[in-house]
Structures are given as C-alpha cells and as structure tokens.
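In case you want the letters, here they are:
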Amino acid sequence: MTDRASFLAAIRSTPRGLDPGLPDRRDAPDAPTQLREGENRADRLQAEAEAASTVVHRVTANDVAATVASVLVETNSQRIALTTDLAPFVEDVQAAMSVAGLTGSIYAEVASNRAQAGALDATVTGCIAAVAASGSIVTSAAGAGRAGALIAPTHICVVRDEQIVGGLHELFDGDVLAEAGSLFALQSGPSRSADIEKVLILGVHGPGNVHLVIVAPD
Amino acid sequence: MSATREDVGGTPLPPGWAKPAHQPDAFELTTTTFEERAAKTMARPFARGAIANATDHAAALTTARFVGTDHQALREEARRIRAHAIANLPDYLDQWIDQAERKGTIVHYASDESEARRIVAQICTDQQITRVVKSKSMASEEVSLNSALEAVGVDIYETDLGEFVVQAMGDRPGHVIAPILHRTKDEVHELFSAMAGHELPNEAEALTAFAREGLRHAFLTADAGISGGNFLIAETGDVLIVTNEGNGRLTTSLPPIHIALVGIEKVLPRRRDLAVLLPLLTGHGTGQQITTYVSVSAGPRRQGEPDGPEQMHVVLLDAGRSALLGGEFEEALHCIRCGACQNVCPVYRQVGGHAYGWVYGGPIGAVLTPLFRGQEEAGELAQATTLCGACDDVCPVKIPLHDLLLGLRRRSDADGHVPRHEQLAFALWAQVWSRPLLYRATTAVARGSLRTLARDGVVSAKNPLLRRWTAGRDLIVDRRPR
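Chains A and B, in that order, are what the protein sequence lines are. 165 is the number that my numbering gives to position 176 of the first sequence; each next residue is one higher, with no gaps. 1357 is the number that my numbering gives to position 321 of the second sequence; each next residue is one higher, with no gaps.
One chain only, chain A, in its complex shape (with noise of 0.2 Å):
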C-alpha cells in the first residue's frame, strides 16, 4: 500500500504550474451569497428562506415557545425531540409543548438509538448562525448534532437577530465556526430532488416541512 511520503514524493516530482496567487479577501468581488448595501439581514434572510420553501415566523422571544408549539400541532407531530443549542428557550419550548398535550425528547438521548431517531416524527434546535443571503441555517455537530436538523420530516430552527449574518463571507470569516465541532453544516429550505422528469419533490430524505422562527432582537 502507498504510504504519505511516497503519495506526496510522487505528487511533489512533477513540474510546478503557474501560481497566479492566493487572491485577497478583502477585494473579493460580489456574488449572490453577499447582502447588498443597505440591506436589513432578517429581511433578507426571510425572503432568501421562503424562496427555497422554508416557513418562516418573525417573532418576539416571548413568542416562540408558543410558535414551536403551533407548529408541532399543525404538523400532527407525535415523537418530537430538541436539541440543546435551543437554549435559551428550551424550558420554554417545553412548558408550550406540555399545554398542548405534546412531549418532547433531548436530542442527544434518542440519537444514541438510531432506530428511535429514524422514527422522530419533529426535531426543533437552535442554530450557531444564519446566513442572510443565502437563506441558510448553520448548525453544528456540537450543538444540534449531524443528523438533528434532517432526521425527522419536520424541522423547526429558532435563529435569533444577532445569529444573522449578512453573507458566507461573513460567516466563514467570524469565530462562529470554530467551536462547531467536528462538523458544521448549511441547510437552505426542505430537502429536494428533481431527478425524476425534473418534477420536484420536497421532503426526499431529509424534512419535507422546515420551519424557520426569526426572533426580534429585544
């Protein structure tokens, strides 16, 4: 078997190709994953979101318990798990559950049972950012786990204003990602496939229903 040294002696033997040189970030040019000068972020991100098909809720933080809970009923979700990065509104979330007669699992404890995550009916987490422009959800393998945003067929994330960031500049260039884990993740809207005749079809192997709780700064 082919070794590292002997892999990268055969890779560093051949010639050397033109280095035009690692660009600049700071002249980095414009693209459709940036916000535009004087765009708010939540607006932005509400519109970049509902365009791939996520439901979004702009709320006050006294709301979002209540919305989550809204949300399970409308979905009829039964096997409903939360993940941790929902602090600071997990107790809450849970007290709204109980009045509406739901129950709700940790995350962390189902996902040891692949068999008992595979068969969550909802998972509602938190997130580490959002990405306005793109629409996007960041979640980590820390927080919301690999697998917690698209286990279920429903997925609810609660964002607050401050987690938005503008673009992926933004987002790759801050510290959000470092404490991540050993996987961080974007997802924008419901899981889809086109592949048949093009027709496209939500909810193929990840959540049909996402549902994206904007909450207002206080």
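Worth flagging that the hints you see were computed from the coordinates, not collected in a lab. Glycine included, C-beta positions come from ideal geometry on N, C-alpha and C. None of the hints are false.
Rough simulated footprint, nothing fancy, chain B against chain A, three-plus residues with beta-carbon under 8 Å:
(1) 128 to 140
(2) 148 to 160
(3) 169 to 175
Starting from the known structure of chain A, fit chain B onto it as the hints suggest.
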C-alpha cells in the same frame, strides 16, 4: 450492529434488488466507438428531448442566478483560487493531511484505481462491514467501487434518488449532477413497481416516497457510509459535501463508520475560499442560490456530540491526476464538477452522457477521459465537440476547455492516431479553401449537387448517399422551396 436490522422503521428493500440482470461492470470505452454509443441515445427520442429540456432549464437558471452581480469577477477569483491550489497541490495536501489526522481522520493513499478499490474493500473486511449506504460520488464511479465491494460481500445502497435508479437498472449515470436525465418517469415506475411487487402510482411523489422508505431502512441499519467529497479544506482538514436530498449528510452521520473517497485535486486552501466557490458550484450546477445541504466535517464524532460516526476514513485518490500537474492539460484539474459545460454543449445535448463511454460526459468528459484512460482508448473523444466555445463561456472556474480539446486533437495527430487518408484529405481541403477562387468553385459544385439530391429544398433522412448526416435530421439546402 446487524441484530437490530429488521425492526428499525422504513421498509427493507427486497433481497437481491441491487443485483439487476445487467451489471455495468465494464466500461464500454474499449469495446465500442463514440458513434456507436451516441447512436443508442439518438435512437431514443425521449432521451434526446429530455436532455435538451433539462439542460436548457439548468442553463437558464444559472444565467438568472448571477444577474446584478459581477459574475465575471467572481469567476476570475475562482479561477485564481483553483490555479493557486493546484500549483501548490503537494503543500496543501500535506497541510490537509496534518489537520485531518489531528482531528482523528484516518487518511489512506490510493495511487491508482485498483489501490482505491483494495483500500476500501480492506476497510470493509477489517471492520466487518456488510451493508453500506453510499451518497453520490463520481470518484467511486471512476474506480468502479461498487463491484469491488460486492465482490467482498458488501451490500451497497446508492442513496441519491437518481443513483438509486441507476444502480437498480444496472445503468450508469448520464450526467454529473442529474444521473437519470435520460430516463423517463414511466421507466422508474416500472422499475419500482417490480421492486415493490405491486403496481405503484405513476407519480414522481409516490415513486420518491417508495425509494425514501427503502433507503431510510438502509440508513438506519448500514454499517458504514461511503461518500465522495466536493472540496477538501487544507487549513482545517475538512471534507465538504453538497447534496439537495440530504442523503450526503445522513450517509456521513448515521452509520458508525464514514469513508470518503476524494480526488486529490479537490483541495482548497481556506474555508473562506468557499464564499467564492460554493455560489459558483451551486449556481452553475443547478441554478440554486445554494445547495440545500452543505456539510463540512473533520474527523469522527467528538466527546459530547449527540450523533456521528466513530471512525472517519478518507481515501485520497490520485489515479492519473498528478500526471497532469505542470503540463499542457493541468487546468483540467481545476474542475469542480458542476456539470455546466454539459448543459450548454451542442454535442452532449444530442448524445447524452453514455456516449462518452466512461464516467464524465460533455466537454469535461471529452477532456478528462483521454487524459485518465489514455489516447488509445479515448482519443476519439476530442473529436466529440464543435469547438463552439460555449463550455469556456459557462465554466465557473474558467477552464479553457476548447483549448484543451484542441490540444488533445494535436496530440492525437502527433501520436499518429489520425489515419493517413484523413490527413491527406484535410491537407487538400486546407489548400483548396484558402484560395478564394477555388473556394467559390467547390462550394458552387457542392451546392448544385445537394440541390439535385433535395426535394422541396430538403435532403431527407431516407437518402442513402448522405445517410450518415441525415440519419438524425433533415438537411435543409434551401430555406424556401424553389
């Protein structure tokens, strides 16, 4: 791991479903010509129409996506990043390996296709892996990974909906990102109904739901997940995977072992380079603002994380790539596999992906296949182009595909792969058509002859003299019938 297999939700797929009567074991590259393969797609009118429709649709979405942005500047930035990464490939790979190993990834080195197959088969044997879920990977198509794993007793489930159909049909993907572009809903319906043992509704939604159920069971019971990788990030040791269905993330999250097979050219220096490359990959691939799922992982599950694999293996694949470094065709390594060049190629749009005989179709396939498989096997693919340059115009990282195709034609010529009579014919043609008087005289004769063959201004497909030209379409000699 296998004790809980039967009772986890989802519906197990029937045994033997993945062993279709026809197995695509051998590539057709050596046994057939481009023309013969192209004729197969040309003979299926639906396939031609579907390919043209789908590619038109994708190309229009791409154009719309970048309106109002400085698209050209973004492409130039991407070109520079890719060129820099490839020019410094050994250094960035070295850095990637350091970072990946620091985070607990086990890195393997495959110099060629057979070594890649051996490594993955060995991991499966060592770890007693008998069931694998797989997310779409063109690198695994390159090395024919599935048949190698089946040989050591592994059941493989392709989880991308299109790849699932491809696998069950014993077919090969027809497009880099839309594998069953060339297949109809009716064909999928027939296939899935046979698998289900009863007639399913002939609707995309119901057919997708059938696949989801079966594959969900596979996700929940697989011993390992095998993926490709869209990028490797040198500064952090990350492997990045994009999918729209979510199968990529489930493949790399649910089973206890994740194995990624990634070409060495996929390396990018920094995470921030993704801010340039990701919108181009997805914008040129599907016309989306961003792919639904972008997953960036480094190493196995860590302490305190609720889910994730206990082992992460990455197999770095060379298989002909390093041989291109520093040479005339180095820019072929800049490719990020978005498929945009296929969508705009007038040849691909008529003949589809299978005509190219190997893994990649369209202009990038006509370039990569002769480079990876050799001139002898695939040199003729450099002729499968009109040299219109549409691929250059659409490539998000500005690969000069048409220059590379010309270079391959020159190489073919220099190697003596062009027959003597063809060389003479073209030499004569060049002499004649570079003289205005002779040019006018010969075209007048040609026009006159065509008019004698034509009826109502059209040479129809039935004319035996020009059959090779008119087999697929009428030749219009005069716009207005005389």
